[in-house]
Structure formats: structure tokens, C-alpha cells
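2 protein chains.
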Amino acid sequence: MYSRTMNHFVTICSSMSRTPLNSLKSDEAGPKQGPTFQDGQRRVDYVLTYHIQKPQSFRRKTSHFGDYRILRSLRRSLSMMRGRDTPPPKEDPEVAAHKHRLDYHEDDKRFRQTEFEDNLREMGLELEKDEGNKIPGIGFLKIHAPWNVLCREAEFMKLKMPTKKVCDVVERINLFIRKATAPLHPKVEPNRAQNMLFYPLLSCQILYDEWASYSVFYKYQPIGLIRKYFGEKIGLYFAWLGVYTQMLIPAAIVGAIVFLYGCATVDNDIPSMEICDPRNNITMCPLCDRACSYWKLKTACGTARASHLFDNPATVFFSIFMALWAAMFMEHWKRRQMRLNYIWDLTGFEEEEIDTTACLLLYVCSYFSLDYVLITLFQEKKVKLTCTDRAPAYMTGLFTMLIMVGVTFAVVFGVILYRISIKAALHMSSNPTARTNIRATVKGTAAVINLVIIIIMDEVYGALARWLTLLEVPKTDKSFEERLIIKTFVLKFANAFSPIVYLAFFRGRMVGRPGDYVYVIGSYRMEECAHAGCLMELCIQLCITMLGKQLIQNNLFEIGIPKIKKLIRRRKSDMDSQQQEDYNMTLQRHEKDHFLGPFVGLSPEYMEMIIQFGMVTLFVASFPLAPLFALLNNIIEIRLDAKKFVTEVRRPIAARAKDIGIWYNLLRGLSKVAVIVNAFVISFTSDFIPRLVYQYMYSPDGSMHGFVNHTLSYFNVSDFQPGTAPLQPMHLGYEVQICRYKDYRETPWSNTPYDLSKEFWAILACRLAFVVVFQNVVMLMSDFVDWLIPDIPKDISLQIHKEKILMVELFMKEEEGKKLLRDSHANQSPLQPRSRPASHTPSNC
Amino acid sequence: MYSRTMNHFVTICSSMSRTPLNSLKSDEAGPKQGPTFQDGQRRVDYVLTYHIQKPQSFRRKTSHFGDYRILRSLRRSLSMMRGRDTPPPKEDPEVAAHKHRLDYHEDDKRFRQTEFEDNLREMGLELEKDEGNKIPGIGFLKIHAPWNVLCREAEFMKLKMPTKKVCDVVERINLFIRKATAPLHPKVEPNRAQNMLFYPLLSCQILYDEWASYSVFYKYQPIGLIRKYFGEKIGLYFAWLGVYTQMLIPAAIVGAIVFLYGCATVDNDIPSMEICDPRNNITMCPLCDRACSYWKLKTACGTARASHLFDNPATVFFSIFMALWAAMFMEHWKRRQMRLNYIWDLTGFEEEEIDTTACLLLYVCSYFSLDYVLITLFQEKKVKLTCTDRAPAYMTGLFTMLIMVGVTFAVVFGVILYRISIKAALHMSSNPTARTNIRATVKGTAAVINLVIIIIMDEVYGALARWLTLLEVPKTDKSFEERLIIKTFVLKFANAFSPIVYLAFFRGRMVGRPGDYVYVIGSYRMEECAHAGCLMELCIQLCITMLGKQLIQNNLFEIGIPKIKKLIRRRKSDMDSQQQEDYNMTLQRHEKDHFLGPFVGLSPEYMEMIIQFGMVTLFVASFPLAPLFALLNNIIEIRLDAKKFVTEVRRPIAARAKDIGIWYNLLRGLSKVAVIVNAFVISFTSDFIPRLVYQYMYSPDGSMHGFVNHTLSYFNVSDFQPGTAPLQPMHLGYEVQICRYKDYRETPWSNTPYDLSKEFWAILACRLAFVVVFQNVVMLMSDFVDWLIPDIPKDISLQIHKEKILMVELFMKEEEGKKLLRDSHANQSPLQPRSRPASHTPSNC
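Chains as they are written, first to last, in the numbering used here: chain U, 783 to 1627; chain C, 783 to 1627.
Among the hints, erroneous ones may be present.
The list makes no distinction among identical chains, and a pair is therefore deemed to hold if it is satisfied within one copy or across any two copies.
With a cut-off of at most 25 Å between alpha-carbon atoms, the simulated BS3-like pairs for lysine-lysine come out as follows [as the list claims (entries may be wrong)]:
{"no.": "1", "residue 1": "K1116", "residue 2": "K1440"}
{"no.": "2", "residue 1": "K1260", "residue 2": "K1586"}
{"no.": "3", "residue 1": "K1576", "residue 2": "K1260"}
{"no.": "4", "residue 1": "K1584", "residue 2": "K1426"}
{"no.": "5", "residue 1": "K1586", "residue 2": "K1257"}
{"no.": "6", "residue 1": "K1116", "residue 2": "K1260"}
{"no.": "7", "residue 1": "K1425", "residue 2": "K1345"}
{"no.": "8", "residue 1": "K1584", "residue 2": "K1257"}
{"no.": "9", "residue 1": "K1440", "residue 2": "K1584"}
{"no.": "10", "residue 1": "K1440", "residue 2": "K1586"}
{"no.": "11", "residue 1": "K1116", "residue 2": "K1454"}
{"no.": "12", "residue 1": "K1576", "residue 2": "K1257"}
{"no.": "13", "residue 1": "K1260", "residue 2": "K1584"}
If you're looking for bench data, these hints aren't it; they were derived computationally from the structure.
Build the full structure now, drawing on both the sequences and the hints.
So, in C-alpha cells, the structure goes:
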């Protein structure tokens, strides 16, 4: 039924209201002062829009004002009264946009619109049309929901009155805490917030002042009000973002301390002292074939010192700290969610899933112009898809995903090739400045290229994931959202992290050794790491990705593009700014809202944060400043999102939700993966284990002296493969017989020259042992944290328990009454064998 | 209030009944034919017993018949009517047994008993006393719960009628499946089972015939009937045991196949062929100082071949299989539990926790004769314990636990010393038969000693855990149970597994090398493993522990001891068997039940199964037959427990429960630990990794030929420490210059003789890499299984959804009625601006 009337889609303009009409009468005299019907009495609760003249551009518009709940439950009730013949379909803008292909006759559409309106009236709603308006081609259907309809729907949603009793002492302590943290709280009076629902304009103003402003960045968010105005789903997003940002504060502080510890101890670090010491006259083997020549180890002094900032024993501690932090964060959020569920009366609420099969099928078939399939399907009334129907879509999805992940890897490999070839070219060049800045140039440009590719691919993948999910025709709207999120997550995650993973675990591992290098695509040698490990480069990449992604995505995508879109919309209307101003003055609220951008869902916001969470937890061992960067970003992000939601887009349709859904699972998965990734970063990417092994197994005096020498193997220059020896062997001013390279291999004069040495295997064993121990200890500790912190806050569970007792007391009092009645009956009845004394008075509790 | 009346403790003798009294009248003529009051009309629903003459032996008795639910909720209601001044305490036999110390005056006791009885009457219960009975010194208080009281309590428990609609096709498929598996189902008609509640004797008979009999071992259990008769908690135990046993079937089959694969390939195993080949004339270093001499490797032929049965590549596959099996089992159980919850209408049920602080405090103080503490506590009305009050108990608990785990390790170490010293002594002896049977003798006796110690310590630890938990005075009965279980679990687990863990991971690792052995307690050399690894010995230990523990515990503790106790009880009454028989004839049912053993809770049953689950999952890599042994044991165990519950002990008080509680967490924890333990068993205990490494890194022809030689290092006999060289160097008939030992060390003629060799480190690295890969892959696969199988079975969630829709439909119909009413009102009312047509008829769904 609805699937056929749904294309007259809808802008919803005002919130539900049960204020007595009289109380608003004073300030509602003309048509411009309040959203009422022409009679000036009945409030406009919803406005649906439809195009009158141009059926080919039908679009559903969601509005800045609006409360989805009512409409949704109205539909549900209606469908139920009608026997549930066809469930309401998913209202997807794109779906709606293309459904017009099925409208073959204008008459038919008119008929369906009438039927739709009749259905609304049948449910008890009152309607008023407004077609001769200032916006040409757009008709508005105003809807008023009378008091009794609202009551019935409230029953459905089980909006119950809270039955809360708070003990005196607790109350006093709470009061004290509240006073102490008063400056941190937004200026929202709780009682006012309670009633704010009935004055959407006023709460919008408060949100604008006390939330959507950078000047209040240090304050808590008025979550209650946000939920009242935007619904539970968006309320939960901001609550989650708040908890995450709050939890980032300790992480950022500890991270900064770890970094400062690195800075403070850089001068005491014996390995970098040894590298920088000019007395250690170590000649290194060339970094590329022919063009490069031998070099002195002391030129790597700067990198070695910089590496120490991030690669020191404190990093290990910080990794463990962050793994536990992630566990704590998950627990903390679970508790917060539970508390919000209780406060928002969602404890008994279960999400409904709406069947979208028919609707999505319509869309997909019309998209591919598969009219014959469609006709067959509807002739056979076959909207239930079998496995055979779905298999092609699943296979397409799987293969496209695999190909796309392959593309991501290919892109990473392309960047590697770029780096290798540019480096070789620069080495060849005769320009001395170019040659000195080789490393910096290559690293910088490569990281920027990576970043740009990531950002571009992100957008491509977003669209691709959506398309693939549509092809799958998921059964319900919830399943649609989950599938979409998983696909987007996999693609965007692979995109964001594959360069980082390459740097952390593969770079410099597949190099080969002097005389037996590994070559890719003809004659390109694989990249090596700088002397002090790849950690430094990993750091730079993380830093650029985090900062760049956040700056560009925040500024360009979240602020810039919406502004540009708005401008373009304005331009289209062919008016100069004065005209525009005048025109705006004549518009009613719902007509103004029509010009705001649509709300596109929370997924992009969550996705951005999840990728950031990944950066913060996965590679924190190599970049202890990540939490600090994330914190700074999020402080801005909250207010930015708030501004966007309050002023830039139409008020989203309020949706109920009990939890943040699949995002919680993704977070949980990430924090699990983080443990093993950090274990590998510490043991394989950093020099932590080789240092420890040297100190306790090989060092003659138990100190780090001699470590650098220990990590370098010997190479006899006569063993170079033909044509790979440096063209300028005398570059350093003397003839080189033996050069050194970073690896644990046998000496040229041993029985098995250049074989992996015993030290290599010993260190590898220690690295792996560290991984096993670290992973299991941290997992155990995380589980312990998980077990230690109860999921339901103590006060909430007590409160729920108390409410139950109140219920039982009520019940018992009723029983008491019944019993007394029964007893008096029994006294009169001859059938009862004996009577017992009604001995007790009703209890006083 | 109750804490003072609770010592008149209680045998509960009959189940709740709401059969109309008339229908039973025909067969209830005398006092012996049915449990009724003297009037022959009112049914006896409960019987409480109390001692009349000997107040010092007051004990609460739980009965063979009885339904705890009513009494519990009666108490709850009563306490609530009275203002909840003191919640009912935990009814613990030991607590009750010692509470008499507080009864200073007989009068006081009498008064309290009267008060208790008054309270019962006040709740609407009807009482009848029976003191002049056949059992001297015992009084019976019979209780009848009238229909209206039962109704009120049913309201509390929300016993709702199921609203189930089953689709035709599903019904037909179910019918087919049911017909096909008919012989496997017990002969319990569903309708009869439904009403069985009202005829406890009849259902008892059915349970006896169709469940508590070895002849029906292949049949499903009549879980519904078990739950009806024993309550949800025991029903869940048997359901869990059933699921576990069922799941063991595939595991046992695969395990047997893996073992058979080992048997089939034993002749093709190159390493054991090499060991057995007399041409490989390898001389091994002596196994003990002085007394032992050099020996030929080929004497280890038998052990090597036997080891192959358990140590072959199929074992790795089986470990992975069992990890996934454990995940599947947990999921399967979750679904089964969900289904039972739905069928048993427990979906909305929440367990209540009863505050036991006051009661336990009384007990602990009286136990230690701390009367002054008690008086202080009660004078200050301080039954809420602070952290400071609890700290000493917690510290005691912690230290005792640590000491006990230490004792367990000491015992293991003691057995090791026994083995070492006996071995040395036997080697010294001149008796040749003793010397040939040395290994078998030592292994056998040590394993038996271990077993005996485990069984004895098990009982000690059980009592100790109980005592420690009492000292802690947990807040609620649930917390008491959980703490007790955790403590018992830790102690019993350490007890059962420490010898196995020693064998798997420590034995043969801390041996040292020839010329530099590790000595413990003076001059005892640490034990070495047989040539083919310790896996064989681990196998034997597991086999003996599993078989022995199960046989002895099942037969002795579960069958033997209760029988002996019953005999002793009979003996005490000083009658010969004829007199006894005659006397029995005169007894009423509740008087007969008085002589049955008490029900001691499910914890011992669960604990036994959890330890077995540990054996099955933790060390399955070393003993693929474990699931088969477990399966055979459990098939007997189910019927044994059933027999015990039906005939040996008083009918347990029925308790409601939604899940198996903390046992689930323990199972989950075990299956997680199993992954890492199996990874270590495969990589460190078995020869799997060294073989692979040899084959792919060292073998000259890629085959296993030469592996045995590769694993043996060289020792120059001139390097023996003074006084440790064998006394009979010519034992083998020739002079030995170089002997071999199993280790990866440098040769005596290398630069660093006897140092760990490169091979050692390479193999260690590979072992650790295997652990990392195995653990993460298996964990990932387990999580995948977890994610793949939904927690709620599809049909149940559909059913719940359908019921919800039915509810909504009902609601809508009611609304319809209201609306019509409103509309007709509105038509008459002048205030309503306009009337709308009542256009639609009520929906037909």
C-alpha cells in the first residue's frame, strides 16, 4: 500500500506538541508567527512536501524540525489496522528519487496521493494543504496530530513516568560535586530542559548558545536536551563522542609524558651517542646500486636521535597502558549507555526492523532498467528473495570488495615504486642540494601522495559500498545499515591503514643483503629503513595521515562543501542578495527549512571517529602523541558537528536507539586487534628487543656500549654482484674493503658467509616470545578490567531494584484490599470451613 | 524477624497442588493414602520438621518432595508486608546447625516458633501439627496453601500462558523429524508431562523408568519433566549435561579417527624407524649420575613408536578442531538455554538475591565463640559490614588460597622427588628384573600416587573453600555461591592440573646438559623425558587421571558413600531388618523421606564436569582419546546422577534459574585458555615443529631421514664433572669416547663447546611463531563461529516477535473500541470543532 504512495515524499517541519492551545494563542496571531493551520488554532505537527509540476525530480526531503517517531508509529499502527498487507518500506532518498520511473501515469499518482491522505485521516490525523505558495512547484501538506492520537502512540512507546527516589546523603554529595564542577556544565536548567520538548525554537536557541559554539569547548554537552531535540540516536552519538573525548584526556597526558621522557633521555641514549660519535668511523654499504656510494654511519645521527623520542622503553609501558585504556573506555561507555538507557526510559525498548526488500528491489530493478524482471516479480508476488536470487549480488559484492582491497594494496605498492624510483633519480642527479635533501623530499612527497590518495579513495569507497549493499537487497533497514557500515569500514580501513601497515611490518624486511638484493619490477631494489629502524618513518606517516586527514576532512568536507552547496542552491534561484533577503522575509519557517541541506545520517561521523580510534590504539606504540592529536581534533569535532546539526542541515528525523549498534562491535574488534598489532610494533618495528637481548646476552659489561657495532654485519665489497658496485667507490676519500650493513648475518670469513647468524635467530625467538607474553598478559589484564567494572552502574541497578520493590508494594497493597474483601465474604459464606481473624493493618511503607 | 525463628528448620514434603480437592477424594480415605490434613480434605503442600526434645541437634532437612518456590516467595511477601525490616537469611544447613548456641532459653525458642507459625498463618497458609508420631523427637508442621494464595504467588512469578502459533510446514517437518528419532525420545507424553505437576508420585515413577535407568542411555532426557519435578536449576544442569554429552559425540569420533591415523602410520614414521634401526648404532649419555651407564638409543624404540600414536600431524588438526568445537559448544548451549528460557517462560524472570550478611555473621561469630563481638554488633545494629570489617577475612582468604596452591605445587614437587629418588635407588639395585622394569614401575606408582593425592586434596580443598567463603560473609546468597565456586574451582583446578602442567611444560626442560646438570636438594638430577618427548608420559598421566578420577569418584563417592551412610543411619536406629520393614510400613511418606540423604547442591556435579571439560579441551593435543573417555563417562554420569536424584536423596527444593550462572563463565574461560595451552603443547611438548624445521631447513633431501641424528648433540666423556661419570663405563661392552644427548648444542670441538646452537634458536623462533599464528588464527576462527551462530535461535526470536504482534493487535482492538466510543461522544459534544466519519470496521486479523 505504502510502497505505491511513498513517492510523494515529505518534509517534516515541527515537533510534537501537547501544550494546551490557549497558552500559545497570545503570540500566534498571523500566519507568520507560529506554525498553525489557517484557523490559527490547530498546531502544525508535521509538514509533507510534494512536487506539483515536475514529477521527474521528486525527492524526499527531511527537515530541520521534525519528529520521526510519530510518523513512524502512525504508519505502523495504520499498517496494523489494515492487516499488515505490505509493511512500510525503507525511506531512502535515492530509492525515492528513482522510483518515479515506475510512475507511468499522472492520474495513477494523483489517485495514490489521495489514498495516502485518506489513510492519514483514517488514523485520526487532521490535514491541511498549502499549494499556492512562494516556492513554485512545491506543495505542502500540513498535519495536525490531536491529543488522543498522541496519547495512543505514547502508550505504544511506553513513555512511563520515572519513579525515582534518591537518598539524602547521595543527593548532598551529588550537589557538592555539581557545585564544584558547575563551570563545566552547560547553562541548561534541568526543569526547563524537561519541558523544552514543547518549544522547539527555544531549545534550538539554547543548543546554539550552550553547545554548538567553540567558546564552550571545555563544558559537558547538554545530552538530555540534545536527545530531546534530535532523538536518541543522535543523542547517543554525541554522548559517545563525549565519553571518547573525555577518555582521551588521560591518554593524551600519559602520551605526552612518554614523549617528553623520550626528549629528556635522548642525550643519555648510548646507541644514538655511538652513532653520532665521530670516533666510531663506520663505513656503511651503499643504499642503492651503482649511483649511491659508501656512507658514514654518523650521517644518520639526526634520525637516530629523533627515533629515540618514539622508540624508548616508556613506549612499551604506554602500549600496555593504551590496551587497558581501550578496555576501560569500552566498559565506561557500556556503563554510560546503560545510564542513558535508564534516564531515557529505554530499558524495555526493542528496536523494530522494517522490511525493505520490496522497496530496494524496486529501486535496483529500475536502476538497471530491468522492467521485465520487475513485472515478473510482481506478477508472481515474489518479493521474498531466495538464496539463488541473492547469490549473484553476494558474489559481486565479495569480488568487488576483494578487488578494491587489492586496488588499495596496489596503490600502496605504487607509492613504494614512486619512492624507489624518485630516490634513484635524485641520487643520479648532479645537483648537490637535491642530493642532500633526498630523504626529506622523498618522505614528504610520498606521505602527501598517500594522503591525497587516501582521501580520494575514501569517497570512492563510500559510494561503492552503498552500491554493493543496495545490490544485496538486505531484508530490513537495520540489516541494510549494518551491511553498509561493514563494507564501508573494511574498505576505508584498508585504505587508511595499508600504507601504515606496510611501513610498520614490511618495509626493510624484504631487502635482501648486499650482494644479494631483492629486486622488484626489473631493477628497483626494495626500500631500506633508516638506520634506527622504520619507526621514525611510521611516525611521520601517522602524523601526516592523522593531521592531514582531520584537517582536510573537517575543513573541506564538513565545513567547506556544505557552504558551497548552499551557495550553489542560492545561485540557482537567480536572485541577487537583496532580493534574496526580501524573499526570505516572506517565507514561513517550513519554507525556509526547505533550503537547508539534508541530513545524511550518522555513519560518516562515526566512521571518521572509528578510523581515528584505530590510529590511536593500533599504532600507539610507534606514536605516543596520537591520543593528544585525537583529543585536540575531537574538541573541535564535537562543536563542529553540533554547529552542523543545529544550523547547517534540516533537523534530522528523530530516531530511537538503545545503543550505538554495530559501531560498538567494531570498536571492540579494534581494541582486540590493537593488542597484537602493538605487540608486533614493539617487538619487530622498534629496537626494544634487540637492545634488551644485547644487554643481557651479548654485552661484555652489561651496558649498551657496543650495541651499534653488534647490529651491523660485515660485507666484503668484492662480493658485489656484477654491475651493482658503486660507480664512485672513492666517494669517502679512501678505498673501502669491508662495508657494514644492518642485519644479523655471518661474516664473509665464516664457513657459511652471509647466512643468518645465531644472533638473528636468538633475537627472533625473543621477539616472538615477547609477542606471546605481551599479547596474553595484556589480554588477561583487559579481561580483568572488563570483569572488574560492572556493566550496569551500581546506582542504576539499585534504582531499578527500588522501582521493582515499589511495584511489589503497590501490588501487595492491592492484594491486601482483595484479601479483606474475601475475608468479609468468607465470614458470610457457609461453604468456607472456618474463618481466620483479619489480624493485621495495612503496612505503613 | 526470621533470623530468630529460622532454627525450627524444615522438611518440605509435598509439591504444590491446585487440583480440585474432590477429584482426589476417591483415593484419599485414610491417613496413609494421601498427604492430607486430618480432615482428609486439605492437601499437605509442605511439611516442616523440628526437633522436640534435643535442641542441640537442630538441623534443617531438605526433602525429597518439595517446592522451594512457594516458601521462598511466601517469605518474601511476608517480609514485604512487614516492612522489610530483616530480609530472610540464607538457609544453610551448617549455619542452622550452629545457631543453637544462641538459644539460651527454651521459652524464648517456644515463643519464636509460635511467632513464626503466626507469620505463616498471616500469609493465608493453613497449618496442622503432628507431634505424637512414630519418629521420636521429631515434630512435623504440615502446611496447606489455599488456592487464592497460590494465585497471588503465581502473579508474582508471572506464570503466563504460552501464546504460540506454529506454521504448518514447520509443524510437518518437525513431525517427520520426531517420527524418525522416535526411539531416541523418552516415553513421556507431552500432555501428560504438562499436568504431571499435580501428581508428583506418578512423574517420579516416569522419571525412574524413562530417565534414571542405564537401559535408556541412548535416549534424550525428558528435560521438561525433570524441570517440572526438580525445578529449573536442576533441569538446566541436566540439559547442560545432555548438550555437553551430545557435543562430545563428534569430538570422540574425530579423536578416535586421529588416534587410528596415528596407529596406521606408525610403521611409516621415519624418526621412529631410525631409532629402532639397529644399524644406527648411537650411544647415549647416562640418564643418572654414577649408577647409570651409557645406553643404546634403539632401546627407546618402543616409546618412540608409542609416542607417534599421539604425536603426529593429525594432532595439530585435532587441536584446531577442538578449539572450534569448544566455541561451537558454548554457542550451542547459549541457544539451548535461550530455547529453554522461552519454553519455561523465564524470559522476563530476574533472579533475586537474598541478603545473608546477618545470618552468616551470627554463624561465624558463634563458631569462634566471639559472643562479645556479636553482642557489640547487635547492640550497635551494625549488620552492614564495612571494608575494614571485611579486610581480615579477605586477607585470610587470599593467603590461604596462595598457601594451598603452594601446597599443591609442593605435592607435585614431592612426587617428582619420589620419582627421582626411586629411580636412582632402583638403578643402584642389583636385581636385574627391577632394573628392566624401572621406567614402568616409576611411572605407574608416581601416577597412582598423584591420583590418590589429587582425590584426597580435592575433599580437603572443598571444605577449605567453604570455610573461607563463610569467613568472608558475602552479602547475598548468590554472591556466597559464586565466591564458593570460584575458590573451589581455583583449588581443585590447580590440584588436578598441576602434575599435568609440570609434565607438559617443565619436565625435561630444566635438566641442564651432560657435564653441567641441574641438581635439586643436594644431588638429585632433574628428570629427563624419554627420547621421543614427554608427550607419552603426559598421555599416561592424563589417561590415569581421567579414568581413575572418574571411576573412583563416581563409584566410591557418588554410589558407595551414600549407600554406606544410609546403612549407618539404619544401624543407628537399633532394629533388625524385619523390625525395620514392619516399621517402614507404618510410616507415612514424609516420615519415610526423612531417612533419605540430604541434597547437597549441584556444585559438586558441575565441578566434576568442568574439570573434565578442562581435560578434554586443555590438553587435547596430547591425548586425542580424551573426548571419547569423557563421552563414555558422561553417558554413565547422566543416569547415575538421575538415579541419585530420584531415589537416593530427598527431593531437592526446586529453585528457579535462568542460566547456569558462573559455570558458563568458567567454561568460557577454559575454552579461551585451551587455545594457548594447546598451542604450547603442540609447539613445545610435541616434536611437530622440530620435525618441520628439519624437513624444510636442514634436511639434505627434503625428507625426514637424519632427523634423529640432528636432534642429538655430542658430548665428550672427558668433560664429566668429577664424581658424576658412570661407575660401569664398559657396560655396553666397548669404551665410549663421545656420547649423545637430546639437545641442540654446539659440538665439543667448536669454538664455544656445549653452547646453545643456531639450530636451537631457529627452532625456538619457529616454535614461538607457531604459537603466535596458532593462537591468533584459532581465536579469530572461534570469534567467527561465535559471530556466525546467532545467540537466539531463529524460530524462538520469530515466536517472540509474533507474540509481540499479537499483543499489539489486542491493544489495537481495544483502541478501536475506545475510539468508537469517543467518536459517538464527540458527535454529541459542542466543544469538538468537527466530527470525522467512523469509516472502518475492526480489522479481521
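Going through the hints against the structure:
1. K1116 / K1440: both (11 Å within a copy, 23 Å between copies)
2. K1260 / K1586: The answer is between: 19 Å across copies meets 25 Å, while 32 Å in one copy does not.
3. K1576 / K1260: Cα proximity of K1576 and K1260: across copies only (17 Å, versus 32 Å in one copy).
4. K1584 / K1426: neither (41 Å within a copy, 41 Å between copies)
5. K1586 / K1257: between (38 Å within a copy, 20 Å between copies)
6. K1116 / K1260: Answer is both; intra-copy 21 Å and inter-copy 24 Å each pass.
7. K1425 / K1345: Intra 13 Å, inter 79 Å, cutoff 25 Å: intra-copy only.
8. K1584 / K1257: Intra 41 Å, inter 17 Å, cutoff 25 Å: inter-copy only.
9. K1440 / K1584: both (22 Å within a copy, 21 Å between copies)
10. K1440 / K1586: both (21 Å within a copy, 18 Å between copies)
11. K1116 / K1454: both (16 Å within a copy, 23 Å between copies)
12. K1576 / K1257: For K1576 and K1257, the Cα distance is within 25 Å only across copies (15 Å; inside one copy 39 Å).
13. K1260 / K1584: between (34 Å within a copy, 19 Å between copies)
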